[in-house]
Amino acid sequence: MTGQRARFRRRQTILRRVVVTVVLVFFFVPFYGMLDFTTKNLATGGRSLQTWKTLLDFGEIGSTYPDLKSGFIASVLLAILTPAIMLMLLVPTMTWVRLRLPGLSRTLEFICLLPLTVPAIVLVVGLTPIYAWVTYFFGGATVWLCFAYVILVLPYAYRALDTGLRAIDVRTLAEAARSLGAGWGTVMWRIILPNLRTAVLSASFLAVALTLGEFTIANLFSRTNLQVAMFLVGKSDAQISVAVAFLALVFAFVVLFAMSFVGSGKAGTSVFARLRRTKKETA
Amino acid sequence: MSEPTTTTTPAKTGQGVAVRLTDLRRTYSGVNALDGMSLDMAPGEFVALLGPSGCGKTTALRCLAGLEDPDSGTITVGGKDVTAIPTSKRDMGMVFQAYSLFPHMTARENVEFGLQLRRQKSDQRRRRAEEMLELVGLTQHIDKYAHQMSGGQQQRVALARALAIEPQVLLLDEPLSALDAKVRVQLRDEIRRIQLDVGTTTLFVTHDQEEALAIADRVGVMRAGQLQQIAAPEQLYSSPVNDFVADFVGVTNRLAGTASGGSASVLGGSVALLPGSAGPGPVVVLVRPEHVTVAREESGNGSVISASFLGAHGRVIAESDTGEQVTVQVSSAAVGEFAPGARVRLVATGEPALAVAG
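Residue numbers (my numbering), protein chains in the order written: chain A, 1484 to 1766; chain B, 3 to 360.
If you are wondering where the hints come from, they were derived from the structure by calculation, not from laboratory data. Careful: at least some of the hints might be erroneous.
Using C-beta positions, here's what the derived DEER-type ranges look like [what the hints assert, rightly or not]:
| id | chain 1 | residue 1 | chain 2 | residue 2 | range |
| --- | --- | --- | --- | --- | --- |
| 1 | B | Asp145 | A | Phe1744 | 23 to 31 Å |
| 2 | A | Arg1492 | B | Val337 | 54 to 62 Å |
| 3 | A | Val1745 | B | Gln188 | 38 to 46 Å |
Looking from chain B toward chain A, a few residues come up when the C-beta cut is under 7 Å (computed) [as the list claims (entries may be wrong)]:
| id | residue |
| --- | --- |
| 4 | Leu69 |
| 5 | Ser90 |
| 6 | Phe98 |
| 7 | Ala100 |
| 8 | Ser102 |
| 9 | Phe104 |
| 10 | Phe115 |
| 11 | Leu119 |
Some chain A residues well away from chain B (every beta-carbon gap over 10 Å; in silico) [said to hold, decoys possible]:
| id | residue |
| --- | --- |
| 12 | Val1501 |
| 13 | Val1506 |
| 14 | Phe1734 |
A quick note: this is a predicted structure, and the numbers were derived from the prediction, not measured. C-beta atoms are modelled at their ideal positions from N, C-alpha and C, and glycine is treated no differently.
Bound conformation, chain B alone:
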């Protein structure tokens, strides 16, 4: 099993507790959903697990919640081993991908449910539920049933319900995936704001890289039940440890080059190589679209296939004379310059990149 590459855990000091998953294994009908996964979370930290479907990210979260039992490995929360403790006693708040509000209860009753189980007095419960619903901006929907609310509102209530019990850990299992794009971004930012407010240690599972990179302190990329890399978003993006992470997080050009002495020649330029890169000799260098420049030039080294306007920026897809397809990020104003078939010069800007064996 390969050890995941990790960066130093940020020192968080909120009300959260430290969480440690150690060498978790879980098999379903011979398939390893978790294959020795380990993860450390600092108190109050917001960690996102990112990966394709079936990579084991949801299984890891469900094991932490107690909804799945790992075949082996240990889970500690606040230094206490909770591996064998049932879900109902783990003191974790969870927001699910599917709408999970109890349909026969109003928003207030949903939020009060966990508090009722903790035998809080009625007036305390009411006050807490009102506070929580105010925190998620739903004061005016307090007496509504799930079927009277939109998807975004339902997920907000679910978040309020999870936070009302003041959980040790907040678990978010793709809570935004059923929402439309605009609500998704709005709620994503709200989740982060609230998490920073309350300081609860949070594990967020998603397959949407933009979501993960936007709100997490650290993002863990998973594949086949193993954590490939866990790092701060910018580091994960700029210094991926392998081609899977580079490919999964952001867009990557795979360009043939020759490595020697810590750099590689690509598209006629030189690119510094990240530690752990392959070489010397022929390699494939993983270059981000924003680390390549493109300019109209009749005697250039490629020609435009297509150019598209994406709002804040544009994207040009060109084919180099060596037959490689290169994606380049350009300013949205420049998109019009690149008609299909136009000759262009493609140059790698030299930002450090990862090289893998060719």
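Here chain A stands alone, though its shape is the one from the complex:
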């Protein structure tokens, strides 16, 4: 019996390792390919770090490839603005619907999931007249794509936030806070949001990932974000383009990892809470 269990455990361990290895290979082979391509000397053969030297010369890269610089800045701003607007729009709305208008929850879900069924090209056609007004009021900067991106991330953000809201008794918590003298703003900021932390981070996580990787809408609207810039650079210098793609992947990975690290754990067990406690204990 014990021997059988040991064999079963060994088999499980091997299976786990195989799965992890396959996944790592799946993710790292493209990385290897990118590194290999960007370190090739295409003229003479052999290896060269010229592409990376050019790319990491921050003073030069902006003037040599202006699209890259503006695309990178636009994408970073979009990765900040999109989740911010999405959260400001969705968290109060979903909380309010849950508290006061539960009959509307199906409608809200339908509206939020709708963008999932609309192809980006159709979305662009629909958004074109609206963006004429956006350009009229705010100008033609790439950063205003954040409005279109908010629509794009709605389905994913809705699902993440909905799961979070289902996990807590929003009504009782809100009513308890209000009976203690809290206004709606305090209820949202100090009670609902901290308890939705994981859901908010998941939604932001998805929004950031989607924003950093978005190409179609930006390209069709003739705006330059990082993906479009990479595409444009790729036409003249494929190696720089691939090197930028590599860095973009690493950047996205670092951002997402940092977000998940900060937001991990139960209420009161976040990195900051733990640090605070350790400080207190030391004192």
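Once you have looked at the hints, place chain B on chain A.
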């Protein structure tokens, strides 16, 4: 609408304020949750609202808290009309049926929350929170989160949190219903002790009659959005105004009898009738199990169906020769005497009872 029968409000003199609900009405999709409900509470009084599910007791409490808006009627607290004042400005402490501690805050932070909103200084807040948690016996759990505490402890913290803000009125919405029996009794007694200590006017909603009778100064029985009767527990039990109250509060035998001249003949004996009873003529008399005696007798007027031991006392269920089922309370030592099928004599002891039309 029938007016509820009330007894004189006890004269309480604590820090509490008087509360008056006048002719409250609230309708949900055509159903009257409150149908002209009125209630007066004296300063410092502890009133329990009792009734079956859907009778409107929680709606009444939520209207008083400001969590529901009545369709009509007025609510005054300390003589001030608060009907249109939002919850956050009503200055009421509330303990909910569901666990309502903020999960991301420790017990101390939960208790401090209301004080923080009132802009109290940090050291004052800490002191007050410690006092309150000591009052509910949770000093050692001060830095624990909700998920690290039991249900009873969480409700204690919720009570401390509600009392910390020194509310004008304390509202308890079935705070014990999620707890197990033993903790429930313990916390129930603690709530009463604390309420007497602080003297806050308290409205307690429950569907558990034992709970209501055990801790309230007065108990109001509700049905279909109306207060049927509000009285001191012993009076509510001994002098119910109608068969609903008699049936809902305690166990009642419904025995056929004939009323005449302020009394009725029941089980071969005579029972004095309470004011408001039906009659003269055939009536149904509502007799409590402890107001009937049962004794073994071959030539008796009934036979035993079952006998059960309930700890402090026992219960015999018998069937009279006229076909009525009669529940009798006996001493726990006597339970063994009544085997199923044994012939017994059932006699009403003559305590005043209510008679309703037969």
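Tested hints:
1. B:Asp145 - A:Phe1744: 23 to 31 Å: Holds - the Cβ-Cβ distance for Asp145 (chain B) and Phe1744 (chain A), about 25 Å, lies within 23 to 31 Å.
2. A:Arg1492 - B:Val337: 54 to 62 Å: At roughly 58 Å between Cβ atoms, Val337 (chain B) and Arg1492 (chain A) fall inside 54 to 62 Å, so the hint holds.
3. A:Val1745 - B:Gln188: 38 to 46 Å: holds (42 Å)
4. Leu69: Since the shortest Cβ distance to chain A is 6 Å, the answer is holds.
5. Ser90: With Cβ-Cβ at 5 Å, under 7 Å, it holds.
6. Phe98: holds (5 Å)
7. Ala100: The hint holds - Ala100 (chain B) has a Cβ within 7 Å of chain A, the shortest such distance being about 5 Å.
8. Ser102: holds (4 Å)
9. Phe104: holds (6 Å)
10. Phe115: holds (6 Å)
11. Leu119: Holds - the Cβ of Leu119 (chain B) comes within 7 Å of chain A, reaching about 4 Å at its closest.
12. Val1501: holds (37 Å)
13. Val1506: holds (33 Å)
14. Phe1734: holds (31 Å)
No hint from the list above goes unmet by this structure.
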